[in-house]
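Visitor: Given next are the chains, with one letter for each unit.
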Amino acid sequence: MNRALGVCYYPEHWPEEMWAQDAAEMVAAGISWVRIGEFAWSRIEPEPGQFAFDWLDRAIDVLSRAGLKIVLGTPTCTPPRWMLERFPDMLAVDAQGHPRGFGSRRHYCFSHAGYRRASGEIAEVLGDRYGRDGRVHAWQIDNEYGCHDTILSYSEAARDAFRSWLAERYGTIDALNEAWGNVFWSMEYRSFDEIDLPNLTVTQPNPSHELAFRRFSSDQVVAYHEVQVAALRAHTDAPLIHNYMGRVLDFDHFEVGASIDIASWDSYPIGFLSDRLDGSAEHKARYLQQGDPDMQAFHHDLYRAVGRDGRWWVMEQQPGPVNWAPHNPAPLPGMVRLWSWEAFAHGAEVVSYFRWRQAPFAQEQMHAGLKRPDNAPAPGLAEAAQVGREIAEMPQIALQQAPVALIFDYPSDWAWATLPQGEDFSYFRLMLDAYRALRRCGFSIDILPSTVTDLSAYALVLAPGLATVPDALQEALAQTVALVGPRSNAVTEELRIPIPMGPALRGLDVTATRVESLPPHVTRAVIGGGTVQHWVEDLDGTAETLLQAETGQAVLKGNRRLQYLGAWPDADLWERIIHGLAKEAGLTVLTLPEGLRLRDTATHRFAFNYGPDLVEFQGKTIRSADVSWWGI
Amino acid sequence: MNRALGVCYYPEHWPEEMWAQDAAEMVAAGISWVRIGEFAWSRIEPEPGQFAFDWLDRAIDVLSRAGLKIVLGTPTCTPPRWMLERFPDMLAVDAQGHPRGFGSRRHYCFSHAGYRRASGEIAEVLGDRYGRDGRVHAWQIDNEYGCHDTILSYSEAARDAFRSWLAERYGTIDALNEAWGNVFWSMEYRSFDEIDLPNLTVTQPNPSHELAFRRFSSDQVVAYHEVQVAALRAHTDAPLIHNYMGRVLDFDHFEVGASIDIASWDSYPIGFLSDRLDGSAEHKARYLQQGDPDMQAFHHDLYRAVGRDGRWWVMEQQPGPVNWAPHNPAPLPGMVRLWSWEAFAHGAEVVSYFRWRQAPFAQEQMHAGLKRPDNAPAPGLAEAAQVGREIAEMPQIALQQAPVALIFDYPSDWAWATLPQGEDFSYFRLMLDAYRALRRCGFSIDILPSTVTDLSAYALVLAPGLATVPDALQEALAQTVALVGPRSNAVTEELRIPIPMGPALRGLDVTATRVESLPPHVTRAVIGGGTVQHWVEDLDGTAETLLQAETGQAVLKGNRRLQYLGAWPDADLWERIIHGLAKEAGLTVLTLPEGLRLRDTATHRFAFNYGPDLVEFQGKTIRSADVSWWGI
Amino acid sequence: MNRALGVCYYPEHWPEEMWAQDAAEMVAAGISWVRIGEFAWSRIEPEPGQFAFDWLDRAIDVLSRAGLKIVLGTPTCTPPRWMLERFPDMLAVDAQGHPRGFGSRRHYCFSHAGYRRASGEIAEVLGDRYGRDGRVHAWQIDNEYGCHDTILSYSEAARDAFRSWLAERYGTIDALNEAWGNVFWSMEYRSFDEIDLPNLTVTQPNPSHELAFRRFSSDQVVAYHEVQVAALRAHTDAPLIHNYMGRVLDFDHFEVGASIDIASWDSYPIGFLSDRLDGSAEHKARYLQQGDPDMQAFHHDLYRAVGRDGRWWVMEQQPGPVNWAPHNPAPLPGMVRLWSWEAFAHGAEVVSYFRWRQAPFAQEQMHAGLKRPDNAPAPGLAEAAQVGREIAEMPQIALQQAPVALIFDYPSDWAWATLPQGEDFSYFRLMLDAYRALRRCGFSIDILPSTVTDLSAYALVLAPGLATVPDALQEALAQTVALVGPRSNAVTEELRIPIPMGPALRGLDVTATRVESLPPHVTRAVIGGGTVQHWVEDLDGTAETLLQAETGQAVLKGNRRLQYLGAWPDADLWERIIHGLAKEAGLTVLTLPEGLRLRDTATHRFAFNYGPDLVEFQGKTIRSADVSWWGI
Ligand SMILES: [Zn+2]
Ligand SMILES: [Zn+2]
Ligand SMILES: [Zn+2]
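Protein chains in written order, with our numbering: chain D, 1 to 632; chain P, 1 to 632; chain U, 1 to 632.
Where hints are given, some of them may not hold.
Identical copies carry no separate label here, and so any pair may be met within one copy or between two of them.
[Unchecked claim] Here are the computed lysine to any residue pairs in the SDA-like style, where the Cα-Cα straight-line distance is at most 20 Å:
| no. | residue 1 | residue 2 |
| --- | --- | --- |
| 1 | Lys-69 | Ser-32 |
| 2 | Lys-69 | Gly-388 |
| 3 | Lys-284 | Thr-551 |
| 4 | Lys-583 | Glu-475 |
| 5 | Lys-583 | Val-522 |
| 6 | Lys-284 | Arg-524 |
| 7 | Lys-620 | Val-248 |
| 8 | Lys-583 | Thr-551 |
| 9 | Lys-620 | Arg-163 |
What the hints contain is simulated information worked out from the structure, not anything from laboratory work.
Just chain D, same shape as in the assembly:
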């Protein structure tokens, strides 16, 4: 397993006379990769069709001569102002019908054919020039698809493309009407040209309509992406990468990932805690300067699944306070190193810090880098350099088969966002709760797509919230001990209730006959300990009831191999459930101090202390914000 450090660098932001010194300092810090170019379109093509490669040539030269390997980004997330003269209608449109203007980034609609073509052309031009350049060791396509809520666009381009997509999917308008149940409120269409995008309706649109629009929107991202993939593949053998943003779920990362070589993601633990994490005020105060203890590992394991052959990077690693969350505290000393090591322990090939030096201008001027705006070292630099020394010294580690897997599925998120039934029902939160429960029991975990067909390597598999369980997955679940539910196999792919009603799992007679969503702070006690919250199903069927609420409702039904969970557990109940499953699966459960998390590789156990206090574990003393490892 390779391990290397990288950094994101913007030569166009700095005087050319600084480049060589910057490169030397990167190398001195143990950094071997440098990502450049992804926001530089206005410098690469200052006027339409007039290219300026001289500065980029020189930047590549300086960086590579210092010993750095280049990741070159296509700049398509920041089309220059002149692009709007070519394509005035290329802007995405928000749900209120307002075009999303120029002046920041990602101001394009994925469905716009002209801009999609233009994106391919700039990729082509770059590929033509640098595709066989041995100094460019990898390519990044675009940047953070979906960041700033940019997947769903209500433009005319999207509407027209949606109609074509629907015609392709359903064949006839009658088939669409039938699939969506448009008879319901006289919503029947007579032709595909009558179908609008599902925004600005009087009350909620047909959920089948909205889910179709979400599937379409994801497909548009994939199609947009593949134009650049094709353009680059024609010119280079270097691996292609995209850098996904944390908790951006509006398109299918597995499908984007299928055509490229390496998955990467942008990890901002403290920004995410403030900006996009469910959790109590106490939880957020406790981990204010560390980030949530499971959020990073979850994404690491997710992108190991998204990347071809499990190849994945952290393309952007928070090195200090960021600028974009509601509040932006600093990491505790040690956390930059901890986060870096956690990524390596989960199999990252590269951890790349964002960014080398804090820019003293524009939108991200308050975003820390490894260096300060005045070129002094920022606190993160020493931690990065320490990691650099450590990875140089420590023997290579090999990944180990995880004993446990969790199925993660993007369309399930879209389904429940479309049809939440309780306003705070979140697929991601459910998944993170399940993942956290497994981790608190000490497990290393693989995340797998719902298309997986072989689970024989796993002792235990969880599939909560999986909207539709594919046949092949149902088969595969029989190879292991499995927990399905809540809200799994509850709808069809058209977002209808299936008949027979779900979960209707093979070999398990359980039917969820009725569901309830509960407001925050309402809980129902479970006999023997723990509570259920948010979501409760009435379970029927002959399967044995393994856990029961004090209301008499069955909470868990099943057998020693396959169990269906009919409610959303609190942490205590999750623990009971995992303990029970682990016993059936022959797995040993650990009891971890609060805030400690483990990751086992083939040779080592890594322990990460996210908590604010020193802990003792397995004879080791681990300080707050510290990582420890030992052979196993």
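Given chain D, work out where chains P and U with the ligands should sit, using these hints.
Guide: Coordinates of chains P and U with the ligands only, in the frame set by chain D:
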């Protein structure tokens, strides 16, 4: 007094081969009425002018042959997609100026002349075909006017109609300027054509302008409605019904009700608790699976007043979890029966469940029916059937004159929504607080419109929040013991402060010289117990001060027959006030256990236990979610 | 020092036969100034070009004959409806792109050249008629610039004017691109005509772009204002006034004030507490009927700085409940007098109540006046009359040099609104916290603009949050004991991080190397007492560390003359810091009872008890809501 059960059924949603079995099961459950057709326009008229009645003929045939009486709905709340080709400008427009598009329902502007005509035409067509059909025993016009905030539309059609309406109301532009006080900020108009709708102004528009727009908007509903009434009256003698939605106050239900025969409303106790009820978190947790103990009775009593000769139904009764509230828990076992009996005790002729079978598709796929999507019985069915048996067995009951009345007035809601003075001032909340206070003292209540002129049958009448007290009502109040205020007779019909200032009640020298709105959780203690909150008036005048705040402010002034309340009481103070009034009125006050409510008919006392615990009352033991009755 | 009472009066709202009696009663109450005309455009020019001065002539006649001095307002904040026919595009446009329509007031875009010209013309017409009229003793230009969020307009007029303004400021587009750092996300422009307004961007626009737009928008107000100034100066020697609204910071009041003679502001203590004050629920409940104890004094001191030669008025003084805050309680008895005296103690020449009589119609019908709508006296009138008697009897008082100064700077507010870094970072809140800390120590304070160059008269000067510290101010700070920070000299005027990084104060080696924003309720303890919150900087440099957090972070660094504060203190820590500075400055600190505030003139000490309880101080007993003064 008739009592019958009904159900809402959508034959167009189900295979025709299921219809006969469905009908038989309805009858077996004691159901005798079935409502159909109100969302089926796209099936009745699939192409403009091409009608398809065969399926509807067969459905009516199957249902009526099973013994069911049909309520046929006009489908005008769901105009098909092709209607937009005829009238592209028929869509309502929201306050931000965005047209409210096709894809759900109620996507029409009440002011659009073309669509209004088209609504009359489809009613005419249906009346022509089924108006003399003896199997169709009643008609429903449209569905839930105002649901999804659809009364106020800022379309061009509305603007043009508003100008005409203003010209009609005021005659000259000078009269309008004078009536509204447009001199205030140089808002004077030179012609009616200069007047825009009161949205998107820099700060609040002139309240007289906004109230005029609200009166206009209500009148547009009435005018739209009466086109269908006229179309149907020409063809049928069957009673005409509209089904009002709970706590939708943006149009005057008394005026809509004046041209038809039966009022009905759609009762979703648990949905309303979550979605549209003021109340503490504790209150909402306590009644989470029961609904508020007074919300349903309030509407029952209201619609008994709206219906001609007191005829009213529950057209839609929640039978299990709904899909549209922020959270959607299930009713406690027993509540479906309790709600049904509460409606009958208040005089409902029919309680009709919504819906027969949960549809496994489209917007309401998570909305429970009496049957599950897979056609198994849902929990509500057995409770409905129990009610069916009970109403068959129990002797008819006659309504009894209520001792107490409460005046309810839609324009008062519009006035205070326009000019709240405190951001959380709500006429409905004030009314429900007063109603609840009376009910906690054990009273059965009549709700009456402000146009009532004879109150001699009542021992006690309350008129809180009545923006303008009509002369005739002032006369009528002298026939009884009356409580007026707070904020009663405080403005003119043009939403101006009257001179002399209110309440200026005949025979009671009280003037509210100044008002205060208070933020939540700020209270002022009243000497002797209880507090005032939200709203406090300074009362002046020679009338005796009956209650006084510790600040020295008079809270209640008046005599033994007429009292003016100058503040918003908490529950304890309401109780003191009601006790005092009841004594003057010669009424006996009861002390009820928390959550218990009573309703007296001529022969029986009904007791409904909304609370979570068993209670003892008048020697009876009543379980949670249970109803009990005994002869009186 | 002059002291007089005034009142705002709208003769056009009342029958002419009431005018003489109104005038007589004003005089009887000790009122000597009356402001008229500022909303009366539709009565002055009912049709374009047709003027009706007769009524205004008669009103001026009646009022002045009673002995009242007239302030005549230009009516340009309420252009009549016909103005929209001349200039359909004169409306301001909100950030969502919606024009802000007619029907209230302030419905114009400051950038619209046609309306700006029309405003000059009406001022010219009025000046021509009344400029040499000895009865008109002062002029008010427009009314409350910026009220209702009206400074930032996203109209086409604003966009075009912005482009011109940018061309003027930057000269070349390359200079602008460089200044803003537009290379950052390929945001580079090729011409000024490519630059749009910074709304509706996908994510935040470039902060330099947004700050430029804010500077531009403030300049547009100044330019608009100066058109009227020029028109009036040509016709009158009477002083020109504008009435600023409390906590409206979107334009530079110092720049507007530079061209006129007297600053005035509109003081609504209870409305502001509810509507625009940061503070805990406890604080707001404690001062519910009094207003915040420091908000008024802060503005008094601010407008003494804005007014030429320190001349300032309260143009509108709340006399009872207002209508526009979320909740509108009444003042405690005594507060109208207290507020009036507080203004005089801070140097107001005139305190003018808004309004004489509550209008029974239109938007402000619930806004109290000195008289009720029915012409009876409202509670405020007797308090005003008492003040009238007191100022007649009390000897003149002279202002005294304040020992302490606070620097206030509008562009700093725009900078931090543009780049808050923590979502609740507010310049105004920081300034009010600092001001409050000084006042709680008993100090009288001068507020000064950042352009001040001589501070030698002050013993102590504070400059927190001053985005850019001008060179001349840095020099001036050396004349006194000074506290700078937090977040002072942290950015350039283009809103970039300066190199060397701030604060970089002359003679003080301190660098803020990193900043953190903290969520509410997160605090860090400071060694020795108090905490920091909201904002924490990492301070580096050789200056002595005077205060340190328990995290080890320096909180205060400096020497006996110049200290830099690197965090946002709580009240206790502010007190420690002020005590330390006062000692260096040779100032005596007082300990005041909670809610008591002082103001020292040359001859008297005034004490204002904002608290709900009686207090003892320096041998005096001061009741709640009372003011006391004694010679010093
Ligand atoms: Zn090529
Ligand atoms: Zn809009
Ligand atoms: Zn002139």
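Visitor: Are the hints correct? Go through all of them and say.
Guide: Right, here's what the structure says about each hint:
Taking the closest pair of Cα atoms, Lys-69 and Ser-32 come within 20 Å of each other only inside a single copy of the chain (6 Å); across copies the shortest separation is 80 Å, beyond that limit. Proximity of Lys-69 and Gly-388 under a CA criterion of 20 Å is satisfied intra-copy only: 15 Å inside one chain copy versus 79 Å between copies. In this homomeric assembly, Lys-284 and Thr-551 come within 20 Å of each other (Cα to Cα) only across copies, at 19 Å, whereas the closest approach inside a single copy is 32 Å. When the C-alpha separation of Lys-583 and Glu-475 is checked against a cutoff of 20 Å, the pair qualifies neither within a copy, at 22 Å, nor between copies, at 75 Å.
For a Cα distance limit of 20 Å, the shortest separation of Lys-583 from Val-522 qualifies neither inside one copy, at 30 Å, nor across copies, at 42 Å. Taking the shortest Cα distances, Lys-284 and Arg-524 sit within 20 Å of each other only across copies (16 Å), while inside one copy they are farther apart (25 Å). Within a single copy, Lys-620 and Val-248 get their C-alpha atoms no closer than 37 Å, and across copies no closer than 58 Å, so neither meets the 20 Å cut-off. In the homo-oligomer, the alpha carbons of Lys-583 and Thr-551 never lie at most 20 Å apart, since the shortest distance is 27 Å inside one protomer and 44 Å across protomers.
In this assembly of identical chains, the alpha carbons of Lys-620 and Arg-163 never lie at most 20 Å apart, being 61 Å within a copy and 64 Å across copies at closest.
Violation of the numbered hints given earlier is confined to hints 4, 5, 7, 8 and 9; the remaining hints are satisfied by the structure.
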